[in-house]
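Asks: From first to last, the protein sequence lines stand for chains A and B. At position 207 of the first sequence (counting the first as 1) the number is 740 in my numbering, and the numbers step up by one without a gap. At position 192 of the second sequence (counting the first as 1) the number is 393 in my numbering, and the numbers step up by one without a gap.
Note that these hints are calculated values from the structure, not bench results. Just so it is clear, CB atoms sit at the ideal spot from N, CA and C, and this is done for glycine as well. Among the hints, erroneous ones may be present.
In silico lysine to any residue, SDA-like type, Cα no more than 20 Å apart, as pairs [as the list claims (entries may be wrong)]:
1) B:Lys334 x A:Ala838
2) B:Lys361 x B:Arg328
3) A:Lys827 x B:Lys334
4) A:Lys827 x B:Gly340
5) A:Lys827 x B:Asp402
Reference listing, derived: stretches of chain B covered by chain A, where coverage requires no fewer than 3 residues with Cβ under 8 Å from a Cβ of chain A [said to hold, decoys possible]:
6) 268 to 276
7) 283 to 297
8) 307 to 317
Residues of chain A clear of chain B, computed beta-carbon distances all greater than 10 Å [what the hints assert, rightly or not]:
9) Trp618
10) Phe633
11) Glu656
12) Trp664
13) Asp685
14) Ala712
15) Ile715
16) Ile728
17) Thr730
18) Ser766
19) Val790
20) Ile793
21) Gln799
22) Met814
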Amino acid sequence: MSHENEFKSLVWGAVLLVLAACVPLVANGYWMSIALTIAMFTVLATSWSLFSGPTHYISLATAAFFGVGGYLVGTGMSDYNMDFWTMVAIAPVVGAVLAFLIGIATLRLSGVYFVIFTLGLAEMIRTLVSWIQNNFTGSRGLYVLTDLTEADIYIYLVILAAVVYLVGWWVNRSRLGFALRIIGNDETVARHVGINTATSKVILFTFSGFVAALVGALIAPRYTYIEPNGVFSPEISFIVVIMALLGGTGRLWGPIVGVIPFALLQEYINANYSNYSTLVMGIAFLVIVYFLPKGVVGRIEQLLARRGRSTW
Amino acid sequence: MVATVLSVANATKRFGGLVAVNNLSFEVHQNEVMGIIGPNGSGKTTMMNLISGALSVSEGSIGLNGRFISTLTASQINQRGIARTFQLVRVLPGLSVVENCMAGMVFGHRRLWGDQARYEAGKLIERVGLSGKEAVPVGSLTYIDQKRLELARALASSPKLLLLDEWLAGLNPTELQEGIDLIRSLREEGITIILVEHVMDAIRSLCDRCIVMAAGSKIAEGSPGEVLADPEVVKVYIGEDV
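Extracted from the complex, chain B is given alone in its bound form:
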């Protein structure tokens, strides 16, 4: 029996009359890479925001390693071991590359400081492929490098669960391959990951399991091959047969 890292039970999020996430339940196991896919506006990012604590659930519960986290703040949830990247990349332009990475390991799940933090940040920057760019102003980094930096910041807390919100979106084909390889290497290290993604190649090659969302609800769950062959899933993506 594999340990359950995250368990979401009947999670619901309402914004006024709009139900963005509707009674969603799923589990993520240790060392697993789980994908959340679905058309635009189906509630994937809202679900990520519920897990990371950016938003609080209207109903239902979320547990991390058997402990209830759905009433905690984002900073408390990060301290418990969930780190994330953002759909629209969010680097810290006033800080150096190394400081951006350090930001992830000083206050949260790991609490390093000083020379040790700087040293660990240096290693992570190399790990995500940013070596040699330590002196570049963060705002001048290319899009993929900013994404790498954001990933380094999330990894810096040595999270129990990593949330990647469309981390591969907007990359060109070469960068996409680099990005997929990078995530695969994380997976091989045994990091538990949830990724929200539109890039189907990435879903197929990276995910053990995925759930498909449409209009806030889960409509399918299984291996990428299974769910992508599911007629219901094909219907929400491409439309009805005529």
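In isolation and in its complexed conformation, chain A is listed as follows:
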């Protein structure tokens, strides 16, 4: 990409960011709530695809990090009288350490084994936290009571999204991003051209764990009442994957193209046919895998390229 193009995409990013930050000025309570969901999944799906996009390692551990963030805020404030912002500072560090450990443990796994391992691990953490909650820290609920409105949380998440985009933009231009693309193409070749594959993968996985835990912590006040089975729900991991794949992980801005329509669809389904939300998720997944393996963005680029070639 030329320098001029890079500058252009930065300007575009800044404009969109300002527009996103203006949403609370015009949105009412209902739309604010949807915007918050979109912001949350934008950050989760974008940071997920920083690692999983180029490397093709599909992680289903997002819920583990997200849950750690939410749960730490809940238990910190309810059980230990900690300040909300202190817990927001602690949670992502714990998420990053957890992701680092999972990253180290899964280095030798690839393909479906990696997917299953991350899912199993996330479920194990959910069960473990529930068990600790029930047996040791008392069965009283974890309340997260703050003065923050949905609009406040939304703004925090938009800022976090901007940071994630900047980090992603920097990674894509760096040797690290190039290394990840080579790893995703052929890990054997990657090793033989001098790439320390373990380090490259763990760095990005740790970053995505850090971000997911931070999102979980920041959004905790929205739920007011935190329950391990809620914040650690595997559905979060699946939705993040579906959204990112729907948009396309080949570009930094791909995931958000999937997040917005899917979040709206989910909202519509939940409001009108709430019994069928799992069914819709399953169908959406099938449609993506069969018809949009490179996501909406990948498909559009493919069509543009074909058109470009035929007129050429």
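For chain A, the structure is supplied; the task is to place chain B on it using the hints.
Replies: Just chain B now, kept in the frame of chain A:
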């Protein structure tokens, strides 16, 4: 006295009960092209994998320029200056031709980046005969062009030692001649090369020296003319006289 680039001493590789490489020793000198030949399953590719670090030796040692490398990982060995191509060609289909070549020079023995890497990659692509194909999707390149690209990636690290694992296999007669000429030109530039090959014409015209492997062991070593006339070598290739 010519400097020794690679010295392999009593290298042994076991896979469970199978001894794929058995107590193999040899040296490769500066600016030399050495061939490893032998029937299928004699352990040639395993030997290449031991040198490049794809596999680790069960016993014995491998040294590069007098430094012990047999406990290093593949990426560390590449950084020390050994680059390779693969028996079954491995290009990176999601990357462009130029990026495929750049992959070899960003992380390893040379650490170029940005415009300089792009520029050097362009020169190498021309060097291996891929000019004009920069915009072609890598998956649509012909077999020989994919092999050229893989060679460009290996050369991109400006290696002290280049490992070519059946780089000439599967080419038609015209392509084979082009391939031999390309390797000869590398040789004239003074690159030290080990090549595993079945194509005897290539062995005769390219190699200064070769070793012959059979069932994991070295059975002969010398100039191509000498080893190919060795009765033991003839026996493993063609079978016993009756």
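Asks: Against each hint, give a clear statement of whether it holds in the structure.
Replies: Here is what the structure says about each hint:
The suggested pairing of lysine 334 (chain B) with alanine 838 (chain A) holds, with an alpha-carbon distance near 17 Å, which does not exceed 20 Å. For the hint pairing lysine 361 (chain B) with arginine 328 (chain B), the CA-to-CA distance comes to about 18 Å; that is within 20 Å, so the pair holds. Among the hinted pairs, lysine 827 (chain A) with lysine 334 (chain B) is inconsistent with the structure: their alpha-carbon atoms are about 25 Å apart, more than 20 Å. Between lysine 827 (chain A) and glycine 340 (chain B) the CA atoms are separated by roughly 17 Å; this keeps the pair inside 20 Å, and the hint holds.
Our distance criterion of 20 Å between C-alpha atoms is broken by lysine 827 (chain A) and aspartate 402 (chain B), whose separation comes to about 46 Å. Given as covered by chain A, the stretch 268 to 276 of chain B passes the check, having 3 residues with a CB less than 8 Å from a CB of that chain where 3 are the minimum. Given as covered by chain A, the stretch 283 to 297 of chain B passes the check, having 8 residues with a CB less than 8 Å from a CB of that chain where 3 are the minimum. Interface restraint, the stretch 307 to 317 of chain B with chain A: holds (5 residues with C-beta to C-beta distance below 8 Å; minimum three).
Distance to chain B confirms tryptophan 618 (chain A) as a non-interface residue, since its nearest Cβ pair spans about 39 Å, more than 10 Å. Under the 10 Å C-beta cut-off, the non-interface status given to phenylalanine 633 (chain A) relative to chain B holds; the minimum distance is some 20 Å. Residue-level check passed: glutamate 656 (chain A) sits 32 Å from the nearest beta carbon of chain B, beyond 10 Å. Residue placement check: tryptophan 664 (chain A) keeps its beta carbon more than 10 Å from all beta carbons of chain B (closest about 40 Å).
With a cut of 10 Å on Cβ distances, aspartate 685 (chain A) stays outside the contact zone with chain B, its closest approach being about 41 Å. Consistency note on alanine 712 (chain A): stated as away from chain B, yet its beta-carbon is not over 10 Å from all of that chain's, at 6 Å minimum. For isoleucine 715 (chain A), the condition that its CB be more than 10 Å from all CB atoms of chain B is violated, with the nearest at approximately 5 Å. Listed as outside the interface, isoleucine 728 (chain A) is inconsistent with that label: its C-beta sits roughly 5 Å from the nearest C-beta of chain B, within the 10 Å cut-off.
The non-interface label for threonine 730 (chain A) is inconsistent with chain B: the shortest C-beta to C-beta separation is roughly 7 Å, within 10 Å. Listed as a non-interface residue, serine 766 (chain A) keeps its Cβ farther than 10 Å from every Cβ of chain B; the least gap is roughly 33 Å. Under the 10 Å C-beta cut-off, the non-interface status given to valine 790 (chain A) relative to chain B holds; the minimum distance is some 20 Å. With a least CB separation of 26 Å from chain B, isoleucine 793 (chain A) remains clear of the 10 Å interface cut-off, as annotated.
The Cβ of glutamine 799 (chain A) lies farther than 10 Å from every Cβ of chain B, with a closest approach of about 31 Å, so its non-interface assignment holds. With a closest Cβ-Cβ approach of about 28 Å to chain B, methionine 814 (chain A) is found to remain outside the 10 Å limit, as its non-interface label requires.
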